[in-house]
Amino acid sequence: MSDILSMTAVEARAALDKKTISAVELATAYIAAAEETSSLNNYVAVTADHALSMAAQSDKRIAAGEAGILEGIPVGVKDLFCTAGVASTACSRILQGFIPPYESTVTANLWQAGGVMLGKLNCDEFAMGSGNETSAYGPAINPWQAGDGVDLVPGGSSGGSASAVAARAALMATGTDTGGSIRQPAAFCGIVGLKPTYGRCSRWGIVAFASSLDQAGPFSRTVADNALMMQAMASHDPKDSTSADEPMPDLSAALDAGVKGMRVGVPREYVMDGMDPDVVALWQTGQAWLRDAGAELVDISLPHTKYALPAYYIIAPAEASSNLARYDGVRYGLRVEADSLDDMYGETRAAGFGEEVQRRIMIGTYVLSAGYYDAYYLKAQRVRRLIKDDFDTAFQSVDAILTPATPTAAFPVGRTVDDPVTNYLNDVFTVPANLAGLPGISVPAGLNADGLPLGLQVLGRPFDEATLYSVGRVIEDAAGFSATPTRRAGGTS
Amino acid sequence: MSVDKTTVAKIARLARINVPEERQEQLASELNGILDWIAELDQVDTDNVEPLASVTGHGLPQRDDAVTDGNRVDEVLANVPETASGFFVVPKVVE
Amino acid sequence: MSDLVEGRTGQWEVVIGLEVHAQVSSNAKLFSGASTDFGAEPNANVSLVDAAMPGMLPVINRECVRQAVRTGLGLHAEINLVSVFDRKNYFYADLPQGYQISQFKQPIVGEGTLRLDMPDGSVREIGIERLHLEQDAGKSMHDQHPSKSYIDLNRTGVALMEIVSKPDMRSAAEAAAYLKKLRSILRYLGTCDGNMEEGSMRADVNVSVRRPGEEFGTRTETKNLNSMRFIQQAIDYEVARQIEIIEDGGQIDQETRLFDTGAGTTRAMRSKEDAHDYRYFPDPDLLPLVIPQDEVDELKAALPELPDAIRDRLTNDYGLSAYDAAVITEERETAAFYEEASTGRDRKLVANWMTVELFGALNKSGQTLADCNISPVALGGLVGLIEDGTISGKIAKDVFAHMFESGKDAATVVEEKGLKQVSDSGAIEAMIDEVIAGNADKVAEYRGGKDKLFGFFVGQVMKASKGQANPGMVNQMLRAKLDG
Ligand SMILES: [Mg+2]
Ligand SMILES: [Zn+2]
Numbered sequence: 245m246s247d248i249l250s251m252t253a254v255e256a257r258a259a260l261d262k263k264t265i266s267a268v269e270l271a272t273a274y275i276a277a278a279e280e281t282s283s284l285n286n287y288v289a290v291t292a293d294h295a296l297s298m299a300a301q302s303d304k305r306i307a308a309g310e311a312g313i314l315e316g317i318p319v320g321v322k323d324l325f326c327t328a329g330v331a332s333t334a335c336s337r338i339l340q341g342f343i344p345p346y347e348s349t350v351t352a353n354l355w356q357a358g359g360v361m362l363g364k365l366n367c368d369e370f371a372m373g374s375g376n377e378t379s380a381y382g383p384a385i386n387p388w389q390a391g392d393g394v395d396l397v398p399g400g401s402s403g404g405s406a407s408a409v410a411a412r413a414a415l416m417a418t419g420t421d422t423g424g425s426i427r428q429p430a431a432f433c434g435i436v437g438l439k440p441t442y443g444r445c446s447r448w449g450i451v452a453f454a455s456s457l458d459q460a461g462p463f464s465r466t467v468a469d470n471a472l473m474m475q476a477m478a479s480h481d482p483k484d485s486t487s488a489d490e491p492m493p494d495l496s497a498a499l500d501a502g503v504k505g506m507r508v509g510v511p512r513e514y515v516m517d518g519m520d521p522d523v524v525a526l527w528q529t530g531q532a533w534l535r536d537a538g539a540e541l542v543d544i545s546l547p548h549t550k551y552a553l554p555a556y557y558i559i560a561p562a563e564a565s566s567n568l569a570r571y572d573g574v575r576y577g578l579r580v581e582a583d584s585l586d587d588m589y590g591e592t593r594a595a596g597f598g599e600e601v602q603r604r605i606m607i608g609t610y611v612l613s614a615g616y617y618d619a620y621y622l623k624a625q626r627v628r629r630l631i632k633d634d635f636d637t638a639f640q641s642v643d644a645i646l647t648p649a650t651p652t653a654a655f656p657v658g659r660t661v662d663d664p665v666t667n668y669l670n671d672v673f674t675v676p677a678n679l680a681g682l683p684g685i686s687v688p689a690g691l692n693a694d695g696l697p698l699g700l701q702v703l704g705r706p707f708d709e710a711t712l713y714s715v716g717r718v719i720e721d722a723a724g725f726s727a728t729p730t731r732r733a734g735g736t737s
Numbered sequence: 010m011s012v013d014k015t016t017v018a019k020i021a022r023l024a025r026i027n028v029p030e031e032r033q034e035q036l037a038s039e040l041n042g043i044l045d046w047i048a049e050l051d052q053v054d055t056d057n058v059e060p061l062a063s064v065t066g067h068g069l070p071q072r073d074d075a076v077t078d079g080n081r082v083d084e085v086l087a088n089v090p091e092t093a094s095g096f097f098v099v100p101k102v103v104e
Numbered sequence: 408m409s410d411l412v413e414g415r416t417g418q419w420e421v422v423i424g425l426e427v428h429a430q431v432s433s434n435a436k437l438f439s440g441a442s443t444d445f446g447a448e449p450n451a452n453v454s455l456v457d458a459a460m461p462g463m464l465p466v467i468n469r470e471c472v473r474q475a476v477r478t479g480l481g482l483h484a485e486i487n488l489v490s491v492f493d494r495k496n497y498f499y500a501d502l503p504q505g506y507q508i509s510q511f512k513q514p515i516v517g518e519g520t521l522r523l524d525m526p527d528g529s530v531r532e533i534g535i536e537r538l539h540l541e542q543d544a545g546k547s548m549h550d551q552h553p554s555k556s557y558i559d560l561n562r563t564g565v566a567l568m569e570i571v572s573k574p575d576m577r578s579a580a581e582a583a584a585y586l587k588k589l590r591s592i593l594r595y596l597g598t599c600d601g602n603m604e605e606g607s608m609r610a611d612v613n614v615s616v617r618r619p620g621e622e623f624g625t626r627t628e629t630k631n632l633n634s635m636r637f638i639q640q641a642i643d644y645e646v647a648r649q650i651e652i653i654e655d656g657g658q659i660d661q662e663t664r665l666f667d668t669g670a671g672t673t674r675a676m677r678s679k680e681d682a683h684d685y686r687y688f689p690d691p692d693l694l695p696l697v698i699p700q701d702e703v704d705e706l707k708a709a710l711p712e713l714p715d716a717i718r719d720r721l722t723n724d725y726g727l728s729a730y731d732a733a734v735i736t737e738e739r740e741t742a743a744f745y746e747e748a749s750t751g752r753d754r755k756l757v758a759n760w761m762t763v764e765l766f767g768a769l770n771k772s773g774q775t776l777a778d779c780n781i782s783p784v785a786l787g788g789l790v791g792l793i794e795d796g797t798i799s800g801k802i803a804k805d806v807f808a809h810m811f812e813s814g815k816d817a818a819t820v821v822e823e824k825g826l827k828q829v830s831d832s833g834a835i836e837a838m839i840d841e842v843i844a845g846n847a848d849k850v851a852e853y854r855g856g857k858d859k860l861f862g863f864f865v866g867q868v869m870k871a872s873k874g875q876a877n878p879g880m881v882n883q884m885l886r887a888k889l890d891g
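Chains as they are written, first to last, in our numbering: chain B, 245 to 737; chain S, 10 to 104; chain D, 408 to 891.
Careful, some of the hints might be misleading.
Listed next, the in silico DSSO-like pairs over lysine-lysine satisfying Cα-Cα at most 30 Å (straight line) [as the list claims (entries may be wrong)]:
(1) 14(S) / 546(D)
(2) 573(D) / 19(S)
(3) 512(D) / 483(B)
(4) 512(D) / 101(S)
(5) 555(D) / 632(B)
(6) 19(S) / 888(D)
Restraint-style ranges between C-beta atoms, simulated for each label pair [stated by the list, open to error]:
(7) 57(S) / 445(D): 47 to 57 Å
(8) 778(D) / 614(B): 19 to 29 Å
(9) 489(B) / 60(S): 35 to 45 Å
(10) 663(B) / 625(D): 40 to 50 Å
(11) 296(B) / 512(D): 26 to 36 Å
(12) 640(B) / 77(S): 36 to 46 Å
(13) 91(S) / 672(D): 32 to 42 Å
(14) 622(D) / 77(S): 46 to 56 Å
(15) 625(D) / 640(B): 54 to 64 Å
(16) 641(B) / 710(D): 20 to 30 Å
(17) 604(D) / 663(B): 33 to 43 Å
In short, the hints are calculated from the structure, not lab data.
Note that this is a predicted model, so its numbers are computed, not measured.
Glycine residues also receive a C-beta, built at the ideal position from the N, C-alpha and C atoms.
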């Protein structure tokens, strides 16, 4: 079975079309893989029956010559996506038992394209976290380990998604990225993750964290697979007022376009204290790869970079404090009974939300409250404009921007920090793209001294995901990243 | 701008999260840590900078005035913790 | 006419501002495709958006936007080509999202005015502060269960226009006149049906009192009044209460109050919502609403003639009294009925027939103009028969009654009932001669100087003609015979 799990999605598609494997076989292999790696806690539910019946349908369509672009490909779904008839909880106690009667637009698009749903994947509660440690289901574990064998986080918030794809327990998976929640876990798990341009993928049916920043995107093991999944996920959705009516180019064509003549910016501000020296070295290596492939590397400045994270930690909690007001014990999810309505609210939300979520709701409530709105929220929005302006200026002279994806490799599960801000710093390189609405891709590019994967991030102009795939493919080829995590399905350990 | 226990209690009340008295001190110190760090923004000169609420370039799309939804009481009530005769039920509200 | 109120210690001036919530006439809700129909089964007109299910998103209804613009134009107000939807955050059982989508800093409509024609013929301009679009909340029912409230979300998300006046009104009567006029304009525009019993229009009433010429006093806001009568009662009660408190040396608390419909009193809300902190911020699920000037121009060009303009036409061009003009223009349907009925007829006579006979009959039968038997053309026809002398005014009342009953036109009724006025001088002369011959004693008395008996002879002749003799001719010929 290990053979079938090592196929990329592109290879699996070809094999399905040639009928050397069937979709049911593929689904069966992945269900078993999910079982085998269950100690990683990356699934919150494996929907085996669903998967097998969808796969059977796929086999019929393949036989009838009606295969979609993802026909028969097993996909894991972050638990932030509402899936019809399947519990969808955002990994929060407050949504325990919630079974939506509707399917998110993104997952509906995937099933429309022939994707097969394997199950729901672990994530940080309401996508708030950088290590998948705030989940009500407990932490998901990174299949990679350093020599000491200590459990590492897969990153977050889409940690279960990254862990499952890296562990070969899913061929691809959905994620959402509000401040780096796709790109950071992709880097921590040695896989490819893309955050599309804001508006590219519909937010309809995805549990909202911060509406002006949230964006769904694909996880995969290769750049080509990622482009394939992205092609299926994205759509203009009239049900989402912020969805963009921008034509999506043929992304597969971008894969082999190369970077010859492309101008790639290297922002001098993407450095910070406590950065892993291996990350800095890899960044330089990445520049060399692109130069060798014919790109022109350009030194650029994004002067407001260091203010992106504090601005984000005003805007995202502010929006979240309002988005999460609907979880009140009245219409769905957890309710803690009390004599008065206000106490029912207060007790339900105290019991239903974990610590980090409560902390962010409190911060968000505070920065919007009377007397603080201008000083915090409006100030952050002004800084947000400056950050966007920085990128607009940069993209007048470059076609893409190359940065590290994260300041360090994955950290141990349960690492104790007394200051929540320390955890927030994981997102320092990814957050600016969310504030500016730009697409970004994280591509595995090497290992650090401890043998843990590191990623490089490429940022692009709005709606220019194609360029990200061109650059990403060059990095992928140059890096020749072939290392595999120890705790993968069908692995030796 | 420092958050004290009283402020924590006030915010908790606004957010309808019952925070036990003994946790308020700790929460105040965590919030202060975050707020102190956020205060870095004061270094940025934002005079004459328009706040940016959304990066989306297009205007607000508008839909036609057609009834396309409703009559799905079963779905609306499918996940409800307490219901009676088609209503949602909550502890009695005194206005 | 002074609106000052006499207190124990002197006179007080009343200051009133109204925030009217008017339900936008539309098929579907402001941000969801659920129906706005009244009276459906609990939670039937609810979409997953209205129930604030996770991941559901709002998409705005174009018609609601256009209705708000039309209303703004009808109030001579500034239309803001860019407006913004904000979230007003608070927790309540009938507010599923935990916030109401409203407009705070940048409403769709800015300042405007509304004209009040007062009964004494004077005109008052009441300032409009703003109009914004927002979602209605659901309905909580507190009487179904001893310890529970029941929630129905059918109204949740229905589009409302909140129309905020300036504090320009000085009496309960003026506030009622304002609301009546606003309702009339909305109904002319077709932007709100004005049905107060069904809650299509509700008013929050801000009341304060002050000594004439002084600064505004502290105001109270009495919420959610859904009838003209309640509004007047609430204002009267608040005015008396506030004056008494101040005259006793107390102070008015700025607070939200509820009206007790049974007692006609107001009381402070028990749940004194912890220091209203709504944490407004732009709704990140929506984008700024941009309306092209072209669209505004197009909507403006298509507006119907509004009551002020019609009223001016009726008094200036048709010579109607201010009262008749006011009554006729209050409803668009009435004005249209009048316009059609009076075309080519004596305008004043038609106005008179409408306001007295027709409205009287409608009142009595409980019918409305729309479902009554008499068409505008038929009423015009009746007046036409009076004008050309076919029937007398008195007979016309009979004819009208038959028309109202049967729906037949005036000519048919006259024909069938043989009510045609007798204007044949020979026939009238014969009847006069007969009356004179049969009342020789009275004739002698009359000729002896008892002038008052003339009316008796007229009555006898009319009686002989069964009321159908042309009264003018009877008068003239009778006088000639008796005095001759
Ligand atoms: Mg009000
Ligand atoms: Zn309102």
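Which hints from the list above does the structure break, by number from lowest to highest? Result: hints 1, 2, 4, 5, 6, 8, 9, 11, 16, 17 break, sorted rising.
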